[in-house]
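Participant: Please construct the entire structure, taking both the sequences and the accompanying hints into account.
First to last, the sequence lines map onto chains A and B.
As numbered in my numbering, residues 1 to 106 make up the first sequence, in order.
As numbered in my numbering, residues 107 to 576 make up the second sequence, in order.
These are computed hints drawn from the structure, not numbers from a lab.
These numbers were taken from a predicted model, which means no experiment stands behind them.
Idealized CB from N, CA, C, for every residue including glycine.
Be a bit skeptical, because a hint or two may be false.
Reference listing, derived: stretches of chain B covered by chain A, where coverage requires no fewer than 3 residues with Cβ under 8 angstroms from a Cβ of chain A [unchecked claim]: (1) 152-162; (2) 185-195.
Some chain B residues close to chain A (C-beta under 10 angstroms, calculated; not the full set) [what the hints assert, rightly or not]: (3) I126; (4) G146; (5) M149; (6) A342; (7) G347; (8) L350; (9) A354; (10) G359; (11) S367; (12) M463.
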Amino acid sequence: MTVPTWVIEIIPPVYIAVLAAITGYEVISRVPTLLHTPLMSGSNFIHGVVLVGAMVALGAASTGPEQIVGFLAVVLAAANVTGGYAVTERILEMFNRSKPTPKKQG
Amino acid sequence: MVDVFEIIEPVYILAVLLFIYALRQMSNPATARAGILWAGAGMLLAILVTGLDPAISGNSGHLVVNLALMGFGIAIGGGIAFVAAKRVQMTDMPQMVAVYNGMGGGAAGAIAAVSLMMNGGWSTNNLSPLDIAAGLIGSISFAGSVIAFLKLQGWMRAKPITFPGQVPANLAVLGAAIVAGGLFVWNPSFLGSVPISLLAVFFALGLLYGLAMTLPIGGADMPVVISLYNALTGIAVGIDGFALNNYAMIVAGVIVGAAGSLLTILMARAMNRSISNVLFSAFGAHEEEGAVIHGSLKPIDLDDAAAMLAYAGTVIICPGYGMAVAQAQHKVKELTDVLEAKGVQVKFAIHPVAGRMPGHMNVLLAEANVPYDHLLDLDEINPEFASTDVAVVIGANDTVNPAARRVGSPLQGMPILNVDQARNVIVLKRGAGKGFAGVENDLFYKDNSRMLYGDAQETLTRLVQAVKKL
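Facilitator: Printed below as a string of structure tokens:
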């Protein structure tokens, strides 16, 4: 019995995904409670990379319905990526202003 | 001739590296700001280089129309989101995070829909089950986030919306969506010659499930829900990446999926509840009955409260959602300043699920310029209450309720701020209502507790003036 090509093709991305999951867990597990909102908002921005997929989906569309749904994907993804960036930036701006007070002793 | 993938792939790798570096930077308040700039640079590069993708440029028959639609779509989607994100009040941030996250989920679902329309089911595309999975998860995240947005924005009742048999009914909808998706993979023309009809049923059921799943979840459980949908969108994007063979989407999506899942677990743990309890129990819909509380509610005059604070050695402020509603964070900062001028040591106790999103209180207090080293976590601050003169509770309820230590209470086992151990407690509260969990707050009835009723912002303004006069 031969292994179908799609199975062989899907194996490398599976390795990548496993490593990415471990990376995500490791990077995030060190974030203090203080930064939970910017972390969430920042990761919200990062999944905005879905815009890349939306552009490909719309670009490859060749019928009316495909173009309509592809266009919808681009609009939603663009809102995700810009909104996510602007919100995160504003939140981090707040933390930037509220610097810790200089220690009085020592 | 150079293969365009020799340009696209290295740029995607760079973008992914920048995303990881950015998240790493965000784990420290001093470098967090730089982090988002790096992530933004990576994103911009990834988007620009995608324009070279042969799937776009090779579709010569529709190139002009599609590129025009693309530019227009990015302009309106991005434009509206940018303006809204810049204009919105800091107190409204939870719903903004929810809605932009939902958009990402919707985009992931729509990408899957295009792929399914173009490539059909298993017989023509062995990756169609992936599209079905991304379509389902994306639809759930989209519809669920929209409901979360409506609840947080106050356009919809924040209390759980329930009906008998809700959990089985919802699961039936989910099951039907999976069946419709499976049928499409097996035979796209199952519902007749137009494959889109079966797809439409599938997506409608997915959206319905996302909506139905979020209706019974109440306002105070939103920190869990928002981070859960963030994780789901990440996962949907990652699965889209598999289907499109796009490694940038796989890595970014899976990292967000892992990060969001971890945050969801942390939030649920901060309430000592399982994620399934948060999602399915319609917590807060029913009030506790039969619990007997001894003592009475004892109001305090504004001037007495001001004197108590001004002559205290140490004060701990415990903010909750009420502070956000009253937009009182700036007044809290003013009170801190006048007290510190009188030599009082002021600290803040931040419960992990105070507010409506993870870290909500930290953001609001940072907006008001409270130095972040004054904001202490549950574990750090709890040992200090016993040696504190005055604890001030501002619009917090369940997170300071000692009922959590009582067997049989709906809050049983939830880690709380040990406010009741402070020598004196002043509770700023709008009225005599119960907390989100529908449980009477034992704290308010303790001998050392005093109630200061009224709108938090107004009360604090008068409190600041009263302290200044002393």
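Participant: For every hint, state whether the structure bears it out.
Facilitator: Right, here's what the structure says about each hint:
no., hint, in the structure
1, 152-162, "holds (count 7)"
2, 185-195, "holds (count 7)"
3, I126, "holds, 6 angstroms"
4, G146, "holds, 6 angstroms"
5, M149, "holds, 6 angstroms"
6, A342, "holds, 8 angstroms"
7, G347, "holds, 7 angstroms"
8, L350, "holds, 6 angstroms"
9, A354, "holds, 6 angstroms"
10, G359, "holds, 6 angstroms"
11, S367, "holds, 8 angstroms"
12, M463, "holds, 6 angstroms"
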